[in-house]
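*Asks:* Spelled out from the first residue to the last, the chains are:
2 protein chains.
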Amino acid sequence: MSAKNIDAALIACNVNLLYTCGRIVSGYLYLPVDAPAQLFVKRPNNLTGEHVHPIRKPEQLPELLHACGLPLPSTLILEGDELSYSDYMRIAACFPQADVVNGTLLLRKARSIKTEQEIELFRRSGIAHARAYNRIPSVYTPGMTDRELSIEVERLMRQEGSLGIFRTFGQGMEIFMGSLLAGDNAAAPAPYDFALGGEGLDASIPIGANGSKLQKGQSIMVDIGGNFFGYMGDMTRVFSIGKLPAKAYEAHQVCIDIQDAVAAKAKPGVVCEELYQTAINLVTKAGFADYFMGAGQKAKFIGHGIGLEINELPVLAPHVKQPLEAGMTFALEPKIVLPGIGALGIENSWVVTDTGVEKLTLCNENIVEL
Amino acid sequence: MSAKNIDAALIACNVNLLYTCGRIVSGYLYLPVDAPAQLFVKRPNNLTGEHVHPIRKPEQLPELLHACGLPLPSTLILEGDELSYSDYMRIAACFPQADVVNGTLLLRKARSIKTEQEIELFRRSGIAHARAYNRIPSVYTPGMTDRELSIEVERLMRQEGSLGIFRTFGQGMEIFMGSLLAGDNAAAPAPYDFALGGEGLDASIPIGANGSKLQKGQSIMVDIGGNFFGYMGDMTRVFSIGKLPAKAYEAHQVCIDIQDAVAAKAKPGVVCEELYQTAINLVTKAGFADYFMGAGQKAKFIGHGIGLEINELPVLAPHVKQPLEAGMTFALEPKIVLPGIGALGIENSWVVTDTGVEKLTLCNENIVEL
Chain A
31 MSAKNIDAAL IACNVNLLYT CGRIVSGYLY LPVDAPAQLF VKRPNNLTGE
81 HVHPIRKPEQ LPELLHACGL PLPSTLILEG DELSYSDYMR IAACFPQADV
131 VNGTLLLRKA RSIKTEQEIE LFRRSGIAHA RAYNRIPSVY TPGMTDRELS
181 IEVERLMRQE GSLGIFRTFG QGMEIFMGSL LAGDNAAAPA PYDFALGGEG
231 LDASIPIGAN GSKLQKGQSI MVDIGGNFFG YMGDMTRVFS IGKLPAKAYE
281 AHQVCIDIQD AVAAKAKPGV VCEELYQTAI NLVTKAGFAD YFMGAGQKAK
331 FIGHGIGLEI NELPVLAPHV KQPLEAGMTF ALEPKIVLPG IGALGIENSW
381 VVTDTGVEKL TLCNENIVEL
Chain B
31 MSAKNIDAAL IACNVNLLYT CGRIVSGYLY LPVDAPAQLF VKRPNNLTGE
81 HVHPIRKPEQ LPELLHACGL PLPSTLILEG DELSYSDYMR IAACFPQADV
131 VNGTLLLRKA RSIKTEQEIE LFRRSGIAHA RAYNRIPSVY TPGMTDRELS
181 IEVERLMRQE GSLGIFRTFG QGMEIFMGSL LAGDNAAAPA PYDFALGGEG
231 LDASIPIGAN GSKLQKGQSI MVDIGGNFFG YMGDMTRVFS IGKLPAKAYE
281 AHQVCIDIQD AVAAKAKPGV VCEELYQTAI NLVTKAGFAD YFMGAGQKAK
331 FIGHGIGLEI NELPVLAPHV KQPLEAGMTF ALEPKIVLPG IGALGIENSW
381 VVTDTGVEKL TLCNENIVEL
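Quick note, the sequences are listed as chains A and B, same order.
Numbering-wise, the first sequence is residues 31 to 400 according to this note's numbering.
Numbering-wise, the second sequence is residues 31 to 400 according to this note's numbering.
Just chain A, same shape as in the assembly (with noise of 0.2 Å):
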């Protein structure tokens, strides 16, 4: 913040008080530049501290500051990619003083770049993550549609330890708790902007599984979020109801090629356009072109950073020239949908270190039939 000329932050979105002051409250955190953070709460009732204090509504903020004996800022960052308009424009009238500027990138950049702390998080999901679908086989009953499969392996999850909720960036994101992709339906277009749809049981959530019934043949793609700590660690692995045709497991060893290849490239200073133009290559070359990341309707990245939301920086996409840096976290998912088949690919979680990147979901890579 320094750097820009910014005296101070107020974060009051939940997500961003979680990073920065490791907790959720109804209120407002205060971080100056040059004094400790102020912590002002209107939920829970129950907090005290130094630099705790209670406030019922924002207005408050300038008179509560002066009590702290703290100047008023002279530029103050609101999130302005994530408080709502009427909210944003309520916060900045009370500090008319100030050159009042949205700070979500800075934040969201802070964020992409995870603690050692964070980074062991994300590894132990990745344990309970792979624990969940390793039990996927002994929960599936055939007969079963697409649904009553994806409820037993949400079970799965949250015996796991999933907390089951699905942050993402942005209001228009929305899931439950991921999807599970049973043939043609990995095919289906859906408005949000994840790596496949899928038409979703109902108008009102228009993404997964769809309640049809398994069939003999198809492949089944299991993307359920790995949120056992807060941050969303993300796996999707592939089933399948008997043997699927030849050009299944191909395509499948093509992404698992892709992601071999682009996690060879990863590193500190590797834009993230690279890595998707060599995900391009190899998938032409391969002659899957035409089905990577979606038939139809196609997904613009083979990967996204991962956080406390799923949908973090980078974006591993066209025309992105961020480069890599270590302690980056992110999920690669080179995915392939085959007509009359359904989806086959891979994604895991990874972590950038000083000299390569890390996997952090550990797990069969196969397709498992089930």
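Derived by calculation from the structure, the hints in this document are not laboratory data.
The model shown is predicted, which means the values in this text are computed figures rather than measured ones.
Heads up, some of the hints might be wrong.
Copies of the same chain are indistinguishable here, so a pair counts whether it falls within one copy or spans any two.
Heads up, simulated DSBU-like pairs for lysine-lysine below, C-alpha to C-alpha not over 30 Å straight-line [stated by the list, open to error]:
1. 139 x 72
2. 72 x 330
3. 34 x 351
4. 139 x 315
5. 315 x 295
6. 87 x 351
7. 330 x 87
8. 295 x 328
9. 87 x 328
10. 328 x 277
11. 277 x 297
Starting from the structure of chain A, add chain B where the hints point.
*Replies:* Frame of chain A, contents of chain B only:
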């Protein structure tokens, strides 16, 4: 809108898109007062229709409206309490000639009066919700934690058709599928403005079950959202491990009496604060005022509108002068938290009819012993 001299509304948020055009898209619904609505869609890419047009970015809106033969609006509504500050500013900048107005309250007021079709979806939700709750005793096993029982109840809800996702108004409000509160955890204050809190399982989502073992003599309050068709039906029931102390049954009956008294009074024209005051008068007379709507931290309402989001209008709270109108749907949830026992009380969903109210969630209201 025409009564307020507004030319058009531009709808971009999922819940309002669902309300106005019956589906979610990534894009914009343009609703002029005196011409057919036009839908501009980024994703999914397979929508077609006379009034459906592809779009890449909001800056194209003026030229696309021109191509539809529509004049640019002089006064335009945007969703100011729902769009982020940056999205609102970006869209508003596309209409420099227009007076841009925050239309969220207008939309929420419109949404608060349900059609017969919406009410029927609530009735059907209530039936599915009751089917799931009736099965709760069958999934309890002695020695369970609150988390384990919650997972089983979530599964029952999903099996009966719950879509899982829990939509709220406001970025600060979040919860997984709902809450299961056992014993004193019901008194733990949360940052969220739901009726009760609970410590939660992790700092990243501090609400609901906290992982403790269920004990004899505890009440277990189950308040899992009933989202079966996109409409958030709300129903709470209380279970017990063995028998509870006599005071618990007394408190539970007080809540049912409050419910019945409020329901007997509720009809079009009755003001929300009167219903709140009715509840306060009864609970005070019964001697449970100190434990009403939470111990320590108390919710400042006894009910809330329900619809596509769980916290719609109207709010049954002090100082709310809004009168009930036919077609409004609301949850009424008088609850008492007794130290050493847990939460007692009831919650049902209701619709305001021409002459009174109709209960939408029909299910045994007694404390059910597990």
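*Asks:* Each hint needs a verdict: does it hold in this structure or not?
*Replies:* Hints and how they fare:
| no. | hint | in the structure |
| --- | --- | --- |
| 1 | 139 x 72 | both (28 Å within a copy, 26 Å between copies) |
| 2 | 72 x 330 | between (41 Å within a copy, 13 Å between copies) |
| 3 | 34 x 351 | within (21 Å within a copy, 47 Å between copies) |
| 4 | 139 x 315 | neither (34 Å within a copy, 56 Å between copies) |
| 5 | 315 x 295 | within (18 Å within a copy, 72 Å between copies) |
| 6 | 87 x 351 | between (41 Å within a copy, 21 Å between copies) |
| 7 | 330 x 87 | between (42 Å within a copy, 16 Å between copies) |
| 8 | 295 x 328 | within (24 Å within a copy, 55 Å between copies) |
| 9 | 87 x 328 | between (45 Å within a copy, 18 Å between copies) |
| 10 | 328 x 277 | within (20 Å within a copy, 60 Å between copies) |
| 11 | 277 x 297 | neither (32 Å within a copy, 64 Å between copies) |
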